[in-house]
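Asker: Residue-level listing of the chains:
Protein chains: 4
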Amino acid sequence: MATVTIWNEFRHEREDEDVAAVYPDGIHKTIADGLSNDKEIDHHVRTATLEEPDHGLTEDVLEETDVLLWWGHEAHDEVDDAVVDRVQERVLEGMGLIVLHSGHYSKPFKRLMGTTCSLQYREDGATERLWVVDPGHPIADGLDESFELPQTEMYGEPFDVPEPDRLVFVSWFEGGEVFRSGCCYRRGSGRLFYFRPGHETYPIYEDDNVRRVLSNAVDWASPTDGSPRTFGEQE
Amino acid sequence: MATVTIWNEFRHEREDEDVAAVYPDGIHKTIADGLSNDKEIDHHVRTATLEEPDHGLTEDVLEETDVLLWWGHEAHDEVDDAVVDRVQERVLEGMGLIVLHSGHYSKPFKRLMGTTCSLQYREDGATERLWVVDPGHPIADGLDESFELPQTEMYGEPFDVPEPDRLVFVSWFEGGEVFRSGCCYRRGSGRLFYFRPGHETYPIYEDDNVRRVLSNAVDWASPTDGSPRTFGEQE
Amino acid sequence: MATVTIWNEFRHEREDEDVAAVYPDGIHKTIADGLSNDKEIDHHVRTATLEEPDHGLTEDVLEETDVLLWWGHEAHDEVDDAVVDRVQERVLEGMGLIVLHSGHYSKPFKRLMGTTCSLQYREDGATERLWVVDPGHPIADGLDESFELPQTEMYGEPFDVPEPDRLVFVSWFEGGEVFRSGCCYRRGSGRLFYFRPGHETYPIYEDDNVRRVLSNAVDWASPTDGSPRTFGEQE
Amino acid sequence: MATVTIWNEFRHEREDEDVAAVYPDGIHKTIADGLSNDKEIDHHVRTATLEEPDHGLTEDVLEETDVLLWWGHEAHDEVDDAVVDRVQERVLEGMGLIVLHSGHYSKPFKRLMGTTCSLQYREDGATERLWVVDPGHPIADGLDESFELPQTEMYGEPFDVPEPDRLVFVSWFEGGEVFRSGCCYRRGSGRLFYFRPGHETYPIYEDDNVRRVLSNAVDWASPTDGSPRTFGEQE
Numbered sequence: 001m002a003t004v005t006i007w008n009e010f011r012h013e014r015e016d017e018d019v020a021a022v023y024p025d026g027i028h029k030t031i032a033d034g035l036s037n038d039k040e041i042d043h044h045v046r047t048a049t050l051e052e053p054d055h056g057l058t059e060d061v062l063e064e065t066d067v068l069l070w071w072g073h074e075a076h077d078e079v080d081d082a083v084v085d086r087v088q089e090r091v092l093e094g095m096g097l098i099v100l101h102s103g104h105y106s107k108p109f110k111r112l113m114g115t116t117c118s119l120q121y122r123e124d125g126a127t128e129r130l131w132v133v134d135p136g137h138p139i140a141d142g143l144d145e146s147f148e149l150p151q152t153e154m155y156g157e158p159f160d161v162p163e164p165d166r167l168v169f170v171s172w173f174e175g176g177e178v179f180r181s182g183c184c185y186r187r188g189s190g191r192l193f194y195f196r197p198g199h200e201t202y203p204i205y206e207d208d209n210v211r212r213v214l215s216n217a218v219d220w221a222s223p224t225d226g227s228p229r230t231f232g233e234q235e
Numbered sequence: 001m002a003t004v005t006i007w008n009e010f011r012h013e014r015e016d017e018d019v020a021a022v023y024p025d026g027i028h029k030t031i032a033d034g035l036s037n038d039k040e041i042d043h044h045v046r047t048a049t050l051e052e053p054d055h056g057l058t059e060d061v062l063e064e065t066d067v068l069l070w071w072g073h074e075a076h077d078e079v080d081d082a083v084v085d086r087v088q089e090r091v092l093e094g095m096g097l098i099v100l101h102s103g104h105y106s107k108p109f110k111r112l113m114g115t116t117c118s119l120q121y122r123e124d125g126a127t128e129r130l131w132v133v134d135p136g137h138p139i140a141d142g143l144d145e146s147f148e149l150p151q152t153e154m155y156g157e158p159f160d161v162p163e164p165d166r167l168v169f170v171s172w173f174e175g176g177e178v179f180r181s182g183c184c185y186r187r188g189s190g191r192l193f194y195f196r197p198g199h200e201t202y203p204i205y206e207d208d209n210v211r212r213v214l215s216n217a218v219d220w221a222s223p224t225d226g227s228p229r230t231f232g233e234q235e
Numbered sequence: 001m002a003t004v005t006i007w008n009e010f011r012h013e014r015e016d017e018d019v020a021a022v023y024p025d026g027i028h029k030t031i032a033d034g035l036s037n038d039k040e041i042d043h044h045v046r047t048a049t050l051e052e053p054d055h056g057l058t059e060d061v062l063e064e065t066d067v068l069l070w071w072g073h074e075a076h077d078e079v080d081d082a083v084v085d086r087v088q089e090r091v092l093e094g095m096g097l098i099v100l101h102s103g104h105y106s107k108p109f110k111r112l113m114g115t116t117c118s119l120q121y122r123e124d125g126a127t128e129r130l131w132v133v134d135p136g137h138p139i140a141d142g143l144d145e146s147f148e149l150p151q152t153e154m155y156g157e158p159f160d161v162p163e164p165d166r167l168v169f170v171s172w173f174e175g176g177e178v179f180r181s182g183c184c185y186r187r188g189s190g191r192l193f194y195f196r197p198g199h200e201t202y203p204i205y206e207d208d209n210v211r212r213v214l215s216n217a218v219d220w221a222s223p224t225d226g227s228p229r230t231f232g233e234q235e
Numbered sequence: 001m002a003t004v005t006i007w008n009e010f011r012h013e014r015e016d017e018d019v020a021a022v023y024p025d026g027i028h029k030t031i032a033d034g035l036s037n038d039k040e041i042d043h044h045v046r047t048a049t050l051e052e053p054d055h056g057l058t059e060d061v062l063e064e065t066d067v068l069l070w071w072g073h074e075a076h077d078e079v080d081d082a083v084v085d086r087v088q089e090r091v092l093e094g095m096g097l098i099v100l101h102s103g104h105y106s107k108p109f110k111r112l113m114g115t116t117c118s119l120q121y122r123e124d125g126a127t128e129r130l131w132v133v134d135p136g137h138p139i140a141d142g143l144d145e146s147f148e149l150p151q152t153e154m155y156g157e158p159f160d161v162p163e164p165d166r167l168v169f170v171s172w173f174e175g176g177e178v179f180r181s182g183c184c185y186r187r188g189s190g191r192l193f194y195f196r197p198g199h200e201t202y203p204i205y206e207d208d209n210v211r212r213v214l215s216n217a218v219d220w221a222s223p224t225d226g227s228p229r230t231f232g233e234q235e
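Protein chains in written order, with the numbering used here: chain Y, 1 to 235; chain A, 1 to 235; chain H, 1 to 235; chain B, 1 to 235.
The set of hints was computed from the structure by calculation and includes no laboratory data.
Hints are not guaranteed to be accurate.
With the Cβ distance kept under 10 Å, some of the chain A side facing chain B (calculated, not the full set) [claimed, not checked]:
id: 1; residue: A126
id: 2; residue: V132
id: 3; residue: D134
Think about it this way: if two alpha-carbon atoms lie no more than 20 Å apart in a straight line, the pair counts; the simulated SDA-like pairs of lysine to any residue are [unchecked claim]:
id: 4; chain 1: Y; residue 1: K39; chain 2: H; residue 2: E93
id: 5; chain 1: B; residue 1: K29; chain 2: B; residue 2: D208
id: 6; chain 1: A; residue 1: K39; chain 2: B; residue 2: T224
id: 7; chain 1: Y; residue 1: K29; chain 2: Y; residue 2: E52
Model, not experiment: these values are computed from the prediction.
For each residue, glycine too, the CB sits at the ideal point set by N, CA and C.
Okay, chain Y solo, but in the shape it has when bound (with noise of 0.2 Å):
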């Protein structure tokens, strides 16, 4: 059984009616919502928001975190150097960490990729065709061939992150555009998955096909016991 943080800037919801009709108690509620009702994994859930000491995020929170799940969008440089350190570290020595739609942008995303993260997007609320490219993958666990979301925010390419380890989604947009939807990496010893759905405007958290692709990968970026991380002089 997996610890997972679900971490939320939550600003959206509290200062945008439309948003808060889609998610009045936070899109982090919903989330861990959809996570904690999975019969199939068992996964014990919190979560943490920006407004909170540390963000929620103290050294004794991650520390017990086995997967952290982060959402952000119009608050990202409020977010703290420090706890992006530590979000950091706690990755590379293996906790997992599921990066969430407009979270490319987050301190943690760009910290960990090394790139600008940046891509195109179109706010037009049409329909996206995720495809599994690698039905072995044990994220796409349980998915058919492809679903679909009816409204969303587009992505297109270029993403501007390191070539996957692993890809796992691509999307098709009605309006013409694909995206690398499902990508997996390695960093130290942490598993990160970033995942393209989820704009605050639409309920894709609520979506079934979204909630099994995040329990899988909660289960998939669940930290393994590994080798000694032994670093420095020796003798």
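Since the structure of chain Y is already known, use the hints to place chains A, H and B on it.
Answerer: Here is chains A, H and B on its own, set in the frame of chain Y:
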């Protein structure tokens, strides 16, 4: 200057009027024209076809070939295994190999990939848009961020190949599918590029962008000197 | 709990007294003992050998096998191509495959790699030290940063395989060579692990660290559900 | 012809007699001599050091630089973050970056890798032998299957970097360690090569094989045209 051999099955063009109307001298001739007329990159081009002795791929021909292009469709099984052995051996020694469209099911490609190379398809003549997902790759030199082919056969995921070393193009199809359309591999000292476009009933190989890609790919796949590939028992 | 089939050529042990002294019941039995006695991971283990009908690898056996281990050396050519087809097909469907030592030249490995799988070697009985270069990998669970085998056959680079998806071990040899000793691949939905140690005249498979690696590798290579691998014409 | 800028911290050579004896004009001058004297590849070479304004890496200098080499050791922290930003940005735009030896801990390398870049080390002056594990790679052009450096500082695994896109060299050390000594990456449109040899108290950069590698690496890392890196909102 690379010496290029374009291999074509050359059956459809002689059996089917519709194909002959598009490629009267064979797909190989149209591809050869494109490469020969490139003003930026200088190639020495020749062709070979199934009906020739050794399918035109004698040891001498392969020895002199820097990059081999391969188009086949209905007669994959008629390609002699001894020639496949020879092609594989030359690729491992350093010869480049560019596999086109329905060549995904050719013996040399399946041999070098180790997988079924299966995919989904639909011959509907709808539009394909190829997106450059790796704008830093030399095979994308001189292209825009995407380009369109107004009428193509659709190829859809999953594509049963090993994860590419580097993915250059992803295709968007009007009918709702995506495909990893430009896949780079190295096997031994040889560079391989799979490029999806190229159906026999559409004039794909007259398209300027497609010609740009093939010319770039020949340049990219050309052998480098490397260091010795010495195997066996050591003292 | 994974169902494991250990395949062994089982020739050296019956033909050569020195080998019989080390592996009186066959290499497969010693490997089976190691897996069966693992206290941390529960495996269901059986064995198969060259001389059995279908080399012990009938469709039923392979259908029930989650992970296949493969040891062969002097009789690679005697393995029937129909069985190789079957093994390849099952791997692509999801069965794990662990290839041991001289199995680098086995038909199933060469088939799935698409390369010669050649290397350099010297049978000198000198020391090998395996370093974990990927301490975050589950195959390294519970190991120290390195471990030694006091007497081994040397395998040296270059090793003519595709670049591994992930490299877990690199070997240091007393005589001055290095080797990529633990290489992970995915082909289709199947996970492959090549593990170098295991010569027939040294009791390598009785070594605790080697046993730990094999048990971890079985766990890692076990199939996941994934999503459908549907190919062919679409409406 | 690539325009190359060799950056050197240039401290040890002015503070330590032993280092000055090996590199009287600075490590950068010795590297520059090697590149300038290459008879096979034509480079335009200049140098830059820490004490210069902007560390010699103004926007103009970087704009004109095709490939930047980086040697640093004791003063990594004195490198201004604004210059690191500039280097990162230029790499993502396509500038090649070759990081040497103790540069593994430099700010630009850590920034682009996203990891600690830690390793094990021992300054014992023992022999290193570098094996070419990828004989088809252009960085290995003209080398034998291995080459030796009679006296080096040892670097050992684990090396906390992302899995290389391609691994060219693995080092064997007399004292019993191994190291991934030649690691290729792409970040954005830029090519990165980490090359291990190069300690300040050994004349490593006068070695013919090391010079061959650096010259090949400059050639390999030089920018290609690529296609547009266009990001942001689309209509």
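Asker: Among all the numbered hints in the text so far, which are the ones the structure does not match?
Answerer: Those not satisfied are hints 1 and 4.
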